[in-house]
Amino acid sequence: MRRAGFVVSAAEPRAPVRAAGEVRVCGHVVRRESRAGLVRSSAERRQDGLARRPRAAGRARRLPGQLDMVGSGSSDLAQRARLRELAEEMSKQVDVKDRRYLLRVFPDCFLGTEACAWLVASGHAKNDREALALGQKLVDAGLIEHVLRDHGFENMEYFYRFTLDAQTAHGGQVNEGARWSNGSFPEELKLWPADEANSDLLQKVFPANWRNPRTADVYDLVVIGAGAGGLVTAASAAGIGARVALIEAGLLGGDCLNVGCVPSKSLLHSAKQVKTVRELQRNAARNGIYLDGELRIDFAQVMQRLRTVRAEIAEVDSAARFANKLGVDVFRARASFNGKDSLLLKGEDGTRRTLQFTRCVVAAGGKARVPNIPGLADNVDRGPTAPDAGTHFLGMTHKTVFNLSVLPQRLAVMGDGPVGIELAYAFACLGSDVTLFGRNERILKNEDLDASECVLEELRQSGVNSVLDVEKYLKVDVVPGEPSNVPGYMRGRMEVSRRKSKDRSDAGAASFEFDALLVATGSVPNVQGLELARAGIEFNEKSGVQVNELFQSSNAQVYAVGDISSFPFNFTHSADFSARAVIRNALFFGSETQESLIIPRCVYTEPELATVGATRAELEARDVPYDAYEKPFASNDRAMCDDARKGFVRVLCKQGSDEILGVTAVGPAASSIIAEATLCIQQKIGLGTLASVIHPYPTYAESLRACGDAYNKTKLSLTAKAFLRSIVKLRKVL
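When we follow full-length UniProt numbering, the leftmost residue of the sequence shown carries the number 1, and every step to the right adds one.
Treat the hints with care, as some may be off.
Here are the simulated lysine to aspartate or glutamate pairs, EDC-like style, with alpha carbons at most 16 Å apart [to be verified]:
hint: 1; residue 1: 475; residue 2: 495
hint: 2; residue 1: 475; residue 2: 441
hint: 3; residue 1: 654; residue 2: 637
hint: 4; residue 1: 684; residue 2: 643
hint: 5; residue 1: 654; residue 2: 608
hint: 6; residue 1: 713; residue 2: 630
hint: 7; residue 1: 646; residue 2: 513
hint: 8; residue 1: 275; residue 2: 702
hint: 9; residue 1: 190; residue 2: 381
hint: 10; residue 1: 715; residue 2: 627
If you anchor each label on the Cβ, the simulated ranges turn out as follows [what the hints assert, rightly or not]:
hint: 11; residue 1: 103; residue 2: 150; range: 17 to 23 Å
hint: 12; residue 1: 683; residue 2: 150; range: 37 to 43 Å
hint: 13; residue 1: 556; residue 2: 372; range: 32 to 38 Å
hint: 14; residue 1: 372; residue 2: 211; range: 38 to 44 Å
hint: 15; residue 1: 85; residue 2: 127; range: 36 to 42 Å
hint: 16; residue 1: 372; residue 2: 695; range: 47 to 53 Å
hint: 17; residue 1: 273; residue 2: 726; range: 57 to 63 Å
hint: 18; residue 1: 351; residue 2: 194; range: 25 to 31 Å
hint: 19; residue 1: 637; residue 2: 726; range: 32 to 38 Å
hint: 20; residue 1: 593; residue 2: 351; range: 36 to 42 Å
hint: 21; residue 1: 316; residue 2: 103; range: 58 to 64 Å
hint: 22; residue 1: 568; residue 2: 696; range: 32 to 38 Å
Since the hints were derived computationally from the structure, they do not count as laboratory data.
Just so you know, even glycine gets a beta-carbon here, dropped at the ideal spot from N, CA and C.
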């Protein structure tokens with residue numbers, strides 16, 4: 001693969017020249033080719049006076065232990081201080097000046113070759129290999145950067161600049177050593193307990209003493225919201241050289257990192273481990289496996305692991321990474337529109353400033369929907385430090401449920417969608433007495449009924465009680481004089497009215513007590529406070545910012561992605577790829593539409609349920625004729641070996657064709673199987689063609705291929721079979 005840089009001339013623009021032959025960097029042979037300045041011959045460098053030794057008269061002093069920082073056990077702050085000292089010294093020795101490439105001038109740049117040579121000549125590195133590693137450390141620390149941020153540090157004639165003032169250039173901590181100490185977390189974040197893992201999380205996604213950067217005259221792109229869609233948008237735009245501002249008042253990473261995908265899947269991992277052990281205790285003897293002893297669950301340790309994993313993953317979404325490594329201007333502030341191409345920012349300290357933009361992406365996400373039920377709103381998402389906490393029951397949404405350190409003995413879950421289902425399953429496996437409430441007389445109403453019934457059956461076997469015939473939630477209140485087993489809260493009681501059904505003739509009011517209540521009734525877009533009307537942006541408080549097929553709002557300069565947009569898919573992966581489409585549409589001349597995005601969805605219970613494309617119910621509602629091909633896991637060899645026979649794979653095709661309209665998988669590895677199905681729909685691979693793809697044996701994915709075999713068999717008419725038999729007979733003769 002040919003890589004590159006761009007050639008720099010102090011006198012005049014020079015067109016890129018492809019490297020002839022091999023270029024050796026630190027002992028490795030590579031080829032260089034880039035838009036950031038190509039490698040020139042030594043003769044050219046001598047001609048332009050660029051191949052000179054460092055300007056230092058002698059060998060500069062070597063910082064004590066400088067090279068040890070690559071693998072030393074010293075603290076991060078000590079390493080950062082030594083790296084900064086090195087960068088400051090290097091900035092005085094290498095040739096920093098304006099450099100031209102083609103028609104563009106890059107101010108205050110130096111060359112990677114000069115920096116590498118100085119690191120060796122000054123004694124900070126023994127050789128080019130060590131110099132390269134040390135230079136990369138400077139890049140990773142955000143002290144130097146490639147002018148287009150296309151490369152790490154390399155011993156090439158690439159343009160680099162010093163970013164010693166990055167804290168004011170892109171935002172940063174006033175004091176790098178400042179941390180949120182135990183007990184001092186901002187109340188509005190609704191994050192507890194104030195332990196080491198959560199402190200580490202905040203240090204990355206809500207750093208203490210953050211200083212907002214200087215404001216550019218005009219930004220190529222401003223992004224409101226640092227969730228999945230906002231972060232992808234900002235990183236992608238900055239990666240192609242755009243001047244980008246990212247505005248977030250809360251935690252970077254949004255719901256996915258902090259209160260969604262990451263913590264929920266960590267909790268589900270622990271829950272599934274418990275389920276596996278319990279199944280072994282019940283059934284392992286027939287396989288010759290015997291378990292002695294008692295299964296004990298330390299829920300506090302389960303949640304501590306969750307918080308630790310979340311803090312580790314947070315590095316990718318950290319403010320320091322986006323400001324120092326990606327070159328994004330990170331503002332911790334609340335944004336509102338004050339014109340078609342401008343925003344008003346209000347910082348934490350009350351300071352106000354205006355940002356002008358060419359394009360803007362609204363990615364402010366959503367908030368938990370709390371139904372209007374008497375007694376509910378006053379008890380939801382209240383922190384344990386509230387002055388009157390002891391007089392309320394514990395009401396949670398997905399925003400606060402992962403703050404638990406004590407397992408509720410009795411947990412009520414309001415909501416029969418994916419979030420409610422997954423968390424009901426997890427808490428039941430971990431030992432809570434869970435009751436699931438819903439109003440649809442079924443769960444997962446967007447999925448085919450037989451698929452959702454497979455999940456419901458497993459929920460019940462895992463200990464989840466279900467009340468799915470709720471006609472109306474009447475009220476929720478505190479049970480007087482009865483404390484919850486979760487310290488600081490009272491026990492609660494929920495009263496509902498239930499519908500008559502063939503299973504129940506006693507419709508009417510029913511009462512249920514709980515130690516904690518989880519409200520999982522969906523979300524609403526965060527449109528309040530943005531002053532969208534000032535920018536001519538049409539929105540709806542239920543469906544969010546109204547966007548067209550290109551994710552463009554009624555203001556042609558403003559786009560929207562994620563939960564705040566009217567695009568109906570509210571998943572992390574849909575926000576991710578919506579953001580990629582917006583970059584192409586907003587910054588270039590792309591025309592990527594919503595329809596072009598084939599978005600799968602998954603529920604991560606056991607069994608898993610995954611769908612892409614249309615379901616049977618959707619096709620029947622639209623009167624679309626279809627053929628269905630189904631393979632149950634009960635006849636899948638891998639599933640039989642694993643004692644995991646529940647579920648199926650179903651492929652829906654256009655009637656009389658192998659064009660795939662939709663796939664549903666429920667069972668083991670459904671979330672992996674659906675990825676292959678998504679590829680087929682995206683690339684228009686027919687089911688008959690899929691049947692010819694060799695799958696390893698034995699695997700669950702063979703069930704998908706088996707659906708292709710079933711389709712191919714339908715092409716064998718009686719006439720075709722007779723013809724094939726005649727050929728077989730002819731082969732016997734010949």
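Evaluation of the provided hints:
Pair hint residue 475 plus residue 495 holds up; C-alpha atoms about 5 Å apart against a cutoff of 16 Å. For a cut-off of 16 Å, the pair hint linking residue 475 to residue 441 is broken: about 20 Å separates their Cα positions. Between the alpha carbons of residue 654 and residue 637 the distance comes to roughly 29 Å, so the proposed pair goes past 16 Å and is violated. Our distance criterion of 16 Å between C-alpha atoms is broken by residue 684 and residue 643, whose separation comes to about 34 Å.
Taking the CA atoms of residue 654 and residue 608, the gap is about 26 Å. The hint is violated against a cut of 16 Å. A distance of roughly 13 Å separates the Cα atoms of residue 713 and residue 630; the hinted pair therefore holds under the 16 Å criterion. Taken as a hint, the residue 646 and residue 513 pair is broken in the structure, with Cα atoms around 33 Å apart against an allowance of 16 Å. Between the alpha carbons of residue 275 and residue 702 the distance comes to roughly 26 Å, so the proposed pair goes past 16 Å and is violated.
In summary, the hint linking residue 190 to residue 381 is supported, as the alpha carbons are separated by about 8 Å, within the 16 Å threshold. Proximity of residue 715 to residue 627 is assessed by CA-CA distance (about 13 Å); at most 16 Å being required, the pair is judged to hold. One distance hint, 17 to 23 Å for the beta-carbon pair residue 103 and residue 150, holds here, with the actual separation near 18 Å. Remark: the range hint 37 to 43 Å for residue 683 to residue 150 is contradicted by a beta-carbon distance near 30 Å.
For the pair residue 556 and residue 372, the beta carbons lie near 37 Å from each other, so the given range of 32 to 38 Å is met. Look at residue 372 against residue 211: about 41 Å separates their beta carbons, and that is inside 38 to 44 Å. For residue 85 and residue 127, the hinted distance range of 36 to 42 Å is not satisfied, since their beta carbons lie about 22 Å from each other. Checking the proposed 47 to 53 Å range against residue 372 and residue 695 shows it holds: the Cβ atoms sit about 51 Å from each other.
For residue 273 and residue 726, the Cβ-Cβ distance of about 59 Å falls inside the hinted range of 57 to 63 Å, so the restraint holds. Taken as a hint, the range 25 to 31 Å holds for the pair residue 351 and residue 194, whose Cβ atoms sit roughly 27 Å apart. At roughly 34 Å, the beta-carbon separation of residue 637 and residue 726 lies within the given 32 to 38 Å, and the hint holds. Between residue 593 and residue 351 the Cβ separation comes to about 40 Å, which falls inside the hinted range of 36 to 42 Å.
For the pair residue 316 and residue 103, the supplied restraint of 58 to 64 Å is violated, since their beta-carbon distance comes to about 35 Å. For residue 568 paired with residue 696, a C-beta distance near 36 Å keeps the hint of 32 to 38 Å intact.
In terms of the numbered hints stated before, the structure departs from hints 2, 3, 4, 5, 7, 8, 12, 15, 21, listed from lowest to highest.
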